[in-house]
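**Student:** Each chain, written out:
2 protein chains.
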Amino acid sequence: MARAGVQRATPLVGARPGATAVEFALIDRIRRRVAERDDVPLGIGDDAALLAVPPGHWLAVATDTLNDGVHFPADTHAADVGWKALAVNLSDLAAMAATPAWATLSLSLPHADGDWLEAFLDGFLALADAHGVALVGGDTTRGPLSVCVTVHGLVAAGGGLRRAGAQAGDDVWTSGTLGDAAAALAQWRAGGAADPGLRARLDRPAPRVALGRALQGLASAAIDVSDGLLADLGHVCAASGVGAEIELASLPASPALAEDFTGDARAGLQACGGDDYELCFTAAASRREAIEAIAQALSLPLTRIGRIVTGRGVRALRADASEWQPERAGYVHFSG
Amino acid sequence: MARAGVQRATPLVGARPGATAVEFALIDRIRRRVAERDDVPLGIGDDAALLAVPPGHWLAVATDTLNDGVHFPADTHAADVGWKALAVNLSDLAAMAATPAWATLSLSLPHADGDWLEAFLDGFLALADAHGVALVGGDTTRGPLSVCVTVHGLVAAGGGLRRAGAQAGDDVWTSGTLGDAAAALAQWRAGGAADPGLRARLDRPAPRVALGRALQGLASAAIDVSDGLLADLGHVCAASGVGAEIELASLPASPALAEDFTGDARAGLQACGGDDYELCFTAAASRREAIEAIAQALSLPLTRIGRIVTGRGVRALRADASEWQPERAGYVHFSG
Chain A
1 MARAGVQRAT PLVGARPGAT AVEFALIDRI RRRVAERDDV PLGIGDDAAL
51 LAVPPGHWLA VATDTLNDGV HFPADTHAAD VGWKALAVNL SDLAAMAATP
101 AWATLSLSLP HADGDWLEAF LDGFLALADA HGVALVGGDT TRGPLSVCVT
151 VHGLVAAGGG LRRAGAQAGD DVWTSGTLGD AAAALAQWRA GGAADPGLRA
201 RLDRPAPRVA LGRALQGLAS AAIDVSDGLL ADLGHVCAAS GVGAEIELAS
251 LPASPALAED FTGDARAGLQ ACGGDDYELC FTAAASRREA IEAIAQALSL
301 PLTRIGRIVT GRGVRALRAD ASEWQPERAG YVHFSG
Chain B
1 MARAGVQRAT PLVGARPGAT AVEFALIDRI RRRVAERDDV PLGIGDDAAL
51 LAVPPGHWLA VATDTLNDGV HFPADTHAAD VGWKALAVNL SDLAAMAATP
101 AWATLSLSLP HADGDWLEAF LDGFLALADA HGVALVGGDT TRGPLSVCVT
151 VHGLVAAGGG LRRAGAQAGD DVWTSGTLGD AAAALAQWRA GGAADPGLRA
201 RLDRPAPRVA LGRALQGLAS AAIDVSDGLL ADLGHVCAAS GVGAEIELAS
251 LPASPALAED FTGDARAGLQ ACGGDDYELC FTAAASRREA IEAIAQALSL
301 PLTRIGRIVT GRGVRALRAD ASEWQPERAG YVHFSG
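Protein sequences, first through last, are from chains A and B. Each residue of the first sequence is one higher than the one before, counting from 1 in the numbering used here. Each residue of the second sequence is one higher than the one before, counting from 1 in the numbering used here.
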């Protein structure tokens, strides 16, 4: 039933659509390598996985797809693609204060490439192992390179950290530093070698899972910075029915970013650059001490960058309190 | 931050990567149209959905991706793509005897096309509504047309219908008719108009959800026929450590298939054609009466097509008991 010009050898029994010997070997390798969890009665290898959500918990589910040339540059190492595909999803769970538990992986590949697949898996499973996530199912199929991951986490029933909940007077905080991933992309586009530290932020984002969990009960709202600070904080404001003011000068910058970018270029990267996967969250001023204690405990800088106000929309303010207008706001991934 | 030649207008706040006004409108429309369920504390619109698995139940999770030109012909109507993307996933839950509950949808589109999106949604939500499935999250992004759906269902803790469990002496059964979808594909490839009934089987498969649930406790093993009967029954045999014999003459055929195809062509479509999404299951001979009662109750033909034997592998037998060898076994989707 092959179309003209497309021929493949398929085993008599045990075939999967688009599957080749290389992919079968990969699936076997995945099965051997994935972490086991007591709450997975049935993992990879049946029509569906069976999972046991512990009593008193809600399931948190997020899904995100990375496409070649849209969400990562074409020269991205396969291991970094694997890492990032899981990281962007764990970041969503972090913003929900959920503890990651299980993931499924749907991988479309233009052709079977054993080396690429193994490297991809190295990156994916390294991050999965770091967070105790079990890969419980998925599929591989033919198509342009695309990685769709669905992650499942757990929160205490009634818990979770939502976008709605920010109140006028709350502080606005961010974790880590902002603009690094966008800076690496800018350097890559300019054709030069990106600063390795910046490029690592683009390729291997660290989902702030421990922070999200620690913020449960302290933060009034949270989101992860995937599309750019102004855009993502805008989602929080829209969901909460409030506005926000951000002080550009307060945005935390890595030394590499501060060295390579100044003025409007730096402001644009920090306020509008995406893919940092830091958490942006709001909290009452009475929570400052507790939040600073979390920063110390996690060895992760947490910085106050503005405040929630009545009204609508997000304004970015210069040092002289005048409003800064980005050339283009809202992060546009890679090929945007 | 657009690449040369790629320009997009992005709203100041509220942007999502790859999102346009059309897609925002779609997301709003999805939110308005999706079914509500009491067990969804938080649905579309936050970093993750929050879901309440009822006590005493396990979660069943399956994920499958459909790619343009691989899993459906390019002339497939958008509504049929939407239907099928959910159907192939619900079919996995059916084979696990799970009751569908929630779905996430990750949609990659080469460009925003409002009409296409609305039609896609019509098909997707029609099937979702028919099974009481709530769409709880997902993303839309730019890329070659690809639809990744993850479905979540529920089984009683300790339940589920697995591939492992078939025993020598068991009957092998299939629901419905086999080969229709592959026949439609063969007619489409030949350039003629496919028989509308056959084409409907290809475009709008009916996941056998009620059957799967009814078979819990009766069937010893089950799988859905997505890759072709021999290939899929082969998975059951491999998982169960047994072999199987299938009688070609017993394979149920629709009138349209029987009229248009004979001999080896028909045998190939029925034994190796994929995309039928019937359930193939095994059960002890003592269960025949109960299974026939289910067929009556569901108005769905259930046919005994062979038996489980000791050994390994699946053999297809002609009427004279000689072994039939397919030209190519294992279904290869569309472009395979």
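The set of hints was computed from the structure by calculation and includes no laboratory data. Keep in mind that this is a model prediction, so the values were computed, not measured. For each residue, glycine too, the CB sits at the ideal point set by N, CA and C. Errors might be hidden in some of the hints.
Label pairs and their calculated CB-CB ranges [what the hints assert, rightly or not]: (1) A:T310 with B:A200: 33 to 39 angstroms; (2) A:D39 with B:A285: 34 to 40 angstroms; (3) B:A200 with A:A265: 32 to 38 angstroms; (4) A:G311 with B:A193: 15 to 21 angstroms; (5) A:R37 with B:E289: 49 to 55 angstroms; (6) B:A157 with A:R288: 42 to 48 angstroms.
**Student:** Does the beta carbon distance between R37 (chain A) and E289 (chain B) stay inside 49 to 55 angstroms, or does it fall outside?
**Tutor:** violated (41 angstroms)
**Student:** Kindly confirm whether 15 to 21 angstroms is satisfied by the beta carbon distance between G311 (chain A) and A193 (chain B).
**Tutor:** This hint is violated: roughly 60 angstroms between Cβ atoms.
**Student:** In this structure, is the beta-carbon distance linking A200 (chain B) and A265 (chain A) contained in 32 to 38 angstroms?
**Tutor:** violated (56 angstroms)
**Student:** Between the beta carbons of D39 (chain A) and A285 (chain B), is the distance compatible with 34 to 40 angstroms?
**Tutor:** holds (37 angstroms)
**Student:** Looking only at beta-carbon atoms, does the pair A157 (chain B), R288 (chain A) fall within the given range of 42 to 48 angstroms?
**Tutor:** Once the Cβ atoms are compared, 44 angstroms apart, the range 42 to 48 angstroms for R288 (chain A) and A157 (chain B) holds.
**Student:** Starting from the hint 33 to 39 angstroms, judge whether the C-beta atoms of T310 (chain A) and A200 (chain B) obey it.
**Tutor:** The hinted range 33 to 39 angstroms is violated for T310 (chain A) and A200 (chain B), with Cβ atoms some 56 angstroms apart.
The structure does not agree with the numbered hints 1, 3, 4, 5 stated previously, though it agrees with the rest.
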